[in-house]
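Novice: Here are the chains, one letter per residue:
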Amino acid sequence: MLDLLRVNKFFGENDDFEVLKDVSISAENGEFVCILGPSGCGKTILLYLIAGFLKPTEGKILMENASISEPNCNRMMIFQNYVLFPWKTVYKNILFALDKSTLTNSEKDALIVRYLDMMGLIAFRDWYPYKLSGGMQQRVALARALVANPKLLLMDEPFAALDLQHRKFLRKNLETIWQKTKKTIIFVTHSPNEAISLADKIYLLSARPAVIKKTYQIDLPRPRDSLNPDFIKLNIEIEKDLSEEFEKAIKNPLMEESLLHILNLTKKGEIL
Amino acid sequence: MLKMKSIRLIRPIALGSIPFLIILIFWYIFYYFNQNVGWLFPSPIETFSSFLQLIVDGTLPDLILKSLLNLIPPFILAMICAVVFGTIMGINRTIYKIFHPILSAIYPIPSLAWLPFIILFLGFTREAIWFVIFISSFVRIIYNVISGVQNINIEYVLAAKNLGFNKLKIVLGVILPCAFPQIITGLKLGFGSAWRSLIGAEMLVVMLGGLGKFIWMSQWYFDFDKVIVGIIVISLISIFIEEIIFKRLEKNTLVKWGFIREEYKI
Ligand SMILES: Nc1ncnc2c1ncn2[C@@H]1O[C@H](COP(=O)(O)OP(=O)(O)OP(=O)(O)O)[C@@H](O)[C@H]1O
Ligand SMILES: [Mg+2]
Numbered sequence: 698m699l700d701l702l703r704v705n706k707f708f709g710e711n712d713d714f715e716v717l718k719d720v721s722i723s724a725e726n727g728e729f730v731c732i733l734g735p736s737g738c739g740k741t742i743l744l745y746l747i748a749g750f751l752k753p754t755e756g757k758i759l760m761e762n763a764s765i766s767e768p769n770c771n772r773m774m775i776f777q778n779y780v781l782f783p784w785k786t787v788y789k790n791i792l793f794a795l796d797k798s799t800l801t802n803s804e805k806d807a808l809i810v811r812y813l814d815m816m817g818l819i820a821f822r823d824w825y826p827y828k829l830s831g832g833m834q835q836r837v838a839l840a841r842a843l844v845a846n847p848k849l850l851l852m853d854e855p856f857a858a859l860d861l862q863h864r865k866f867l868r869k870n871l872e873t874i875w876q877k878t879k880k881t882i883i884f885v886t887h888s889p890n891e892a893i894s895l896a897d898k899i900y901l902l903s904a905r906p907a908v909i910k911k912t913y914q915i916d917l918p919r920p921r922d923s924l925n926p927d928f929i930k931l932n933i934e935i936e937k938d939l940s941e942e943f944e945k946a947i948k949n950p951l952m953e954e955s956l957l958h959i960l961n962l963t964k965k966g967e968i969l
Numbered sequence: 095m096l097k098m099k100s101i102r103l104i105r106p107i108a109l110g111s112i113p114f115l116i117i118l119i120f121w122y123i124f125y126y127f128n129q130n131v132g133w134l135f136p137s138p139i140e141t142f143s144s145f146l147q148l149i150v151d152g153t154l155p156d157l158i159l160k161s162l163l164n165l166i167p168p169f170i171l172a173m174i175c176a177v178v179f180g181t182i183m184g185i186n187r188t189i190y191k192i193f194h195p196i197l198s199a200i201y202p203i204p205s206l207a208w209l210p211f212i213i214l215f216l217g218f219t220r221e222a223i224w225f226v227i228f229i230s231s232f233v234r235i236i237y238n239v240i241s242g243v244q245n246i247n248i249e250y251v252l253a254a255k256n257l258g259f260n261k262l263k264i265v266l267g268v269i270l271p272c273a274f275p276q277i278i279t280g281l282k283l284g285f286g287s288a289w290r291s292l293i294g295a296e297m298l299v300v301m302l303g304g305l306g307k308f309i310w311m312s313q314w315y316f317d318f319d320k321v322i323v324g325i326i327v328i329s330l331i332s333i334f335i336e337e338i339i340f341k342r343l344e345k346n347t348l349v350k351w352g353f354i355r356e357e358y359k360i
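Protein chains in written order, with our numbering: chain A, 698 to 969; chain B, 95 to 360.
Since no wrong hints were added, every one of them can be taken at face value.
Listed below are the simulated DSS-like cross-link pairs for lysine-lysine, each with C-alpha atoms no more than 27 Å apart in a straight line:
id, chain 1, residue 1, chain 2, residue 2
1, B, K263, A, K785
2, A, K937, A, K911
3, B, K263, A, K797
4, B, K345, B, K263
5, A, K828, B, K99
6, A, K880, A, K797
7, A, K789, B, K263
8, B, K341, A, K789
9, A, K828, A, K805
10, A, K752, B, K263
11, A, K828, B, K341
12, A, K848, A, K898
13, B, K345, A, K828
14, B, K359, A, K785
Partial list, derived from the structure: chain A residues whose beta carbon lies under 10 Å from chain B:
id, residue
15, F750
16, E767
17, P768
18, C770
19, M774
20, A794
21, D796
22, Y827
23, K828
Since the hints were made in silico from the structure, they are not lab data. Computed from a predicted model, the values in this text were never measured in an experiment. By construction, the Cβ of each residue, glycine as well, lies at the ideal position given by its N, Cα and C atoms.
Next comes chain A alone, as it looks inside the complex:
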C-alpha cells in the first residue's frame, strides 16, 4: 500500500543538514505502523513527505504503486499542533473536511454529530477553537481527519496532549475504527507503551540524521494488555533502544555540570 524506498531528506542551501537518511518503510493495506524516535529526529518531516507537503531529496515514495506528488485527501494528516481553522467553529471545521464529499447535507450533519458525540464534544459544536483546551482541539482535529474517510491516516503524536484516561479511551476508539474500516495508519509516538499497544509493526528511528535503527513485528493478540509478560518484555527492550538514541540526540555529557553552574549562578542572584 505504502512504500518508502531509500528516502533522503536534507535541508539547508547546499542540502547539508541531513534529517532523514536512507529511510525505507512499508505498510501493507490495513496495517498499523508506529514510528518511534527521539525528539527532533525527523518524525514530523517523515509524515510531511508521505502527505506530499514536502518532496524527498532522494528516493521514492509510492502509494498503491503510484508516486506521491501532491497532498490528497486519501492521505490525511493529523498535525502535532492540531491546526484547526480559528475562524471556523468546531462543527464547521469538521464540515470543511466534507467539502468534496457527495453526501447530502443531512447525511453530512448526521455524520458530524456522530463524530462529535464519539469525541465527547457535542456541547462544544458551536465554539471557536481558541476557547478549547489542547486536548479538545486534538479531538476535533481527529474527528476532522476521520470524517474525510482517508485510506491512509498519518498521525503525529496525536494523543500526547491528552490525559491518561482520554488517551486510553481514544486509543481504544482508534483501534476499533481501524479494525472496522481497515484503514492503513502511520502513527508517530514517543511512547513505546503506546506503540506496542497499537502497532502491527514498529520502526525505531535513530537520532538525527534518522536512519531506521530497528524494526519490530508485534504479534501479540488484541486487545493488548500492558500487564502481559510478553508486552512488558518488549516494552523494556524498546525503551532501552530508545534511551540510547535519546542520549545521542541530547549529546550533552556535561549536563550535570551545567546544572550545578546554573544553581550556583542562581544562588548568587545573577539570574533569577
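Starting from the known structure of chain A, arrange chain B with the ligands on it as the hints suggest.
Specialist: Just chain B with the ligands now, with coordinates in the frame of chain A:
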C-alpha cells in the same frame, strides 16, 4: 448588574475624553490671555456656536457629503485592488519580484505630489482628486496585505491542501482569513491616509472642494472659528468610522476568532 454594565460602557468614553478636556482648557487659557491683542483667535464657545450654526444652515452637511463623494469611491476601489493584487503578490514570488520595486518607489511619494502632474491630464476635475486618493490608500493597504499573506502560518495551507481544496478556495477560505488582522490594519491606515490626501487635494482643486476647500477659504477670510470647526469635523468623522465600521469589523472577526484575546492582559 445593570450598573456594572453601564460603568463598563461609560468608562472608556470618560477616560478617552480626558486629553480633549485638557486641550479645551489650554485653548481657553490661551484665548483668555490673548483676547485683547486684537487677535482673531476664537474662543471655544464661539467655535461651538459657529459649529451649530453651520449645521443648522446646512453648510456642514453639504460639505461632508461633498468630501465623502470625493473620498469613498476611490477608497473602495483602492481597497478592492489592493486586496486582490496584494494577495497575488503575497502568494506568487515571481510577481512579487516584478512589482515590489515599483511599489517601494511609489510608497514614499506624498500623494499630493501627484496632483500637479495628474491635473495636466485630467484637469481640475473630480477624477484628479480620486486619483490622488486612490494612490494614497492603495499603497498603504497593499503593503499590509502582502505582508499579512506572506506571514501566515503555512500549516493552515497544508491542512487545506490535505483536505483537497483548490487554489481559489485556499485563497478565499484560508489565506485571507489568516491574513485578516493585517488586512484590517492596512484598511485603517489606508483610510487615514485617504483622509489626509483628501483635505490636501480639496485645498488645491477648490471647485470640487468639501471640507478641505472650506478650511482653506475660511483662512483667507480670517474665519478661524470655521477653520477649527473644519478640523474638528474631520476628526469626528474619522472617530465615527473607526468606532462604527472598524471596531465592529474587529469584533465580528478578530475577537470572535480569538486573534484578539480581550480576557488577558499583556
Ligand atoms: N525547514 C527546515 N529547515 C531546516 N531544518 C529543518 C526544517 N524543518 C525541520 N528541520 C529539522 O529537521 C529535524 C526534524 O524535525 P521534526 O519536526 O521532523 O522532528 P520530530 O522528530 O517531529 O521531533 P518532535 O518529536 O520533537 O516533534 C529537526 O532537527 C529540525 O530542526
Ligand atoms: Mg514532530
